[in-house]
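Sequence lines, in order, name chains X and E. Throughout, my numbering is defined as the position within the first sequence, counted from one, plus 57. Throughout, my numbering is defined as the position within the second sequence, counted from one, plus 1372.
Hints listed in this document are in silico derivations from the structure and should not be mistaken for laboratory results. The reader is advised that the hints may include incorrect statements.
Said to hold, decoys possible - Straight line, CA to CA, 20 Å or less: simulated DMTMM-like cross-link-like pairs of lysine to aspartate or glutamate:
| no. | chain 1 | residue 1 | chain 2 | residue 2 |
| --- | --- | --- | --- | --- |
| 1 | E | K1670 | X | E292 |
| 2 | X | K313 | E | E1664 |
| 3 | X | K313 | E | E1679 |
| 4 | X | K220 | X | E292 |
| 5 | X | K313 | E | D1665 |
| 6 | E | K1474 | X | D168 |
To be verified - Okay, the calculated bits of chain E under chain X, using three or more residues with CB under 8 Å as the criterion:
| no. | region |
| --- | --- |
| 7 | 1545-1551 |
| 8 | 1596-1603 |
| 9 | 1625-1638 |
| 10 | 1655-1669 |
Owing to the predicted nature of the structure, the values given are computational and were not obtained by experimental measurement. Even glycine gets a Cβ: it sits at the ideal position worked out from N, Cα and C.
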Amino acid sequence: MPCESKGPGAMAQQKPDPTQLAAVDYTPPRRGWRDLPVEFRKGTYNYAAPRRHVEYLGLPNPRDWQPHDADWQLPANWKQIILDGMKDRLDRYRSFRLFMDNCVRCGACADKCHFYLGSGDPKNTPVLRAELIRSVYRRYFTTAGRLFGPLAGARDLTEDVLKEWFYYFHQCTECRRCSVFCPYGIDTAEITMIGRELLNLVGCNIQWIIEPVSNCDRVGNHLGIQPHGFKDSLEFAADELEELTGIRIEIPINRKGAEVLLVVPSADYFGSPHYFTLLGYLMVLHEAGIDYTFSAYASEGGNFGLFASHELMKRLNGKIYAEARRLGVKWILGGECGHMWRVVHQYMDTMNGPADFLEVPVSPVTGTRFDNAASTKMVHVCEFTADLIAHGKLTLDRSRNDRWNVTFHDSCNPARAMGLYEEPRLILRSVLNQFHEMPEDTIRERTLCCGSGAGLGTDENFEMRMRGGHPRAMAVNYVRKRHGTNCVACICAVDKATLPPLLEYWVPGVDVAGVHELVGNALVMKGERPRTTDLRGEPLCGAGGSHA
Amino acid sequence: MSLVLALALYAAAASFIGGTAWRVWTWAATPEPFQIPTTSAQQRSLSGIAPSRVESPSTTLGVIGRMFLEGFLFRSLFRNTAPGRTPAGADVCPDPIFLERKALWLGAMAFHWSLLVIVVRHLRLFVEPVPRIAGVLASVDGFFQIGSPTWYATDATVVVALGYLLLRRLRDPLLRYISLPADYLAVGTLLAVAGTGIAVRYIARTDLVAVRHFTLSLAALAPSAAPPLDTWLVLHLLSVSFLLAILPFTKMIHAAGMWLSPTRNQRNDSRRRRHVNPWNAPAPIHSYEEWEDEFRDKLLAAGMPVERNALRVEGPGSDGAAEA
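Start from the sequences, fold in the hints, and give me the full structure.
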């Protein structure tokens, strides 16, 4: 699958030369942006959604097509559908209406976007990305636009405009970096989300969003691996842990009456290096003695629905509460994932709550009541583990991570759509001897995106991903040169899938690890046999290693 | 002529008040379905981790603090940086350079605060008796006592700030590229208002007492006195009328809109307290039963629990998980 693919063989010939990509030309084109039709250049766009998945989800206009086709086979009344859809959303989302009206084009957002920084394309500035849709809004929904047309910044909705929307709303990772800098708080993620929703109304959606959504909905995870495969994967993890620690742990699935439902992004049990993060969770939960269960039905925390429409987001997310109710758990624990936490933190309760059948989460080990999750009843695993560590409930041997010199990449959504900054840092400082922050302008609320989020992490989109991730790679290289950093820790499944190829391209020799992988390495479990390797099977080299 | 001026000013005031009310009403009447604040700092979670009360506010007081900083000190704009350019031929992965860029913030602050002071100063033309604040501001503003009549500092800063904002838009290729005619219209109108106003005071030296009689009568909705009809005053009043008339229908309405921005004026407590979406639309959720029906054989073969074991005939009442 694209998101998981390292694809060195297949990609080798197509990979553009880094020196070419690094030399970005920031001179705007001579022609005004309204008259520049979009060119679907290989490497900079995503393939269309396969017909059968569009059909399964019951979305409009299923057909076989590709963005580079001249004829997009739009419905005859596509323009009316889009305009009706805009009207509907202008009436339902204050954010959308305000953000259509309020921009003064001061340009403060322009050079904050990693896609603009990496491509130099003015339409990748947040302000112009929004103008793509604002110009249509003015033409059809404002008096000035109707009367004065282009003079009032209005333009007609044409097929070229629609193609432009498709191209540029799939060159935004909804990372919200621009919204931190905007004096009016205009959030391009909102505009991109509505833009993609409108495109979905006429069947213009991409494979790496719609197929995972369809798989998550029907089967339970983004790859469509069936329940017994899911079970095999978890059993394999138990075997691996036994080999590593000498401790046999049980991993319950669909067990009724457990206290906690554990929901993680499915990449954690099918992907690498995600898998080592899964081992880390399992070790912590075992050591803390948590009574939990996985669910094979709601086995995906990641929510690619967020990248297509509010409705698809709600459909996928609804499975988690439904399953929590069926299994009779008390609360829900969520794994390391970026957009999953955007949905859990800012949408879940509103969309699918109230979760009045659950209880306010309480850590059975420390007694901490997670009042910050009192209503949604879902706790981030970093909050949970940080609380354990803060209470001294885990024995940690930092030296087992001594082969890693680590920096922390704030994943966009836990950062700017949640405010989860210190919990992972508290954990990392407790399990590492070597930890260095990247420059201030590239972390925390100013963190730079991996360039592949929001459904864009595909092989066919390789060039655009490398461009979008370039600023992040520069920051990684900064700490690599100064501190010898060789590992980027993160708490996002998309990061774990897409940072490795990004760093291999720009900063070879830097690995990527989940925070809980590093916790798993350091965690001294009761009754464990002396460890000789870390979770990846690499020999331990620190003082705590058996062959020091 | 004074009748034309009176009509223009009345029409402008009507457009300004009616238009602004209509815009604000439209926004306010549109629901904000989700709680989507931009969390620019640490959330409130564990007791051992200090939350940021303003930049990631979990309380209404925090939100008020955040909006105050945004509205009066332009907090977000203060963050502005610009990427430094690295020389061509350097490392493909050079150090990321983000330069401080406070000029835009400074220009915006200078313009907006000057405008506010100027508007308050003008209150003495509309309100009887003159509000204390207008007098106080006027004397502070004229602190340097340069020239006769005394130059107001804000008359200079507003023009310099607007000039900077315009020049910046014209000089930066990217900014020029993204600019719309409306952007020049706004800054042009404001410059016209400021320029003619300065001319009225310092060049034409219009009889302000007579102007005050006129404007006070306008404000009292009983236009009677005729203003001294010198050219600069007429131009000033016309440009002010134009500004007021178009303001609600241009980007300048951000002055009202920014207060409603959901990424700034919402609390970051969406897991603590449930935010209700008034139109919460139902969505079909693929149920556990549908899922089990599709995979039951595989679940049984893998020894996973199921709700309904197809091998047994069960009544509707049984809900125990049956192991295969």
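*Hint by hint, which ones does this structure get wrong, listed from lowest number up?*
Those not satisfied are hints 4 and 8.
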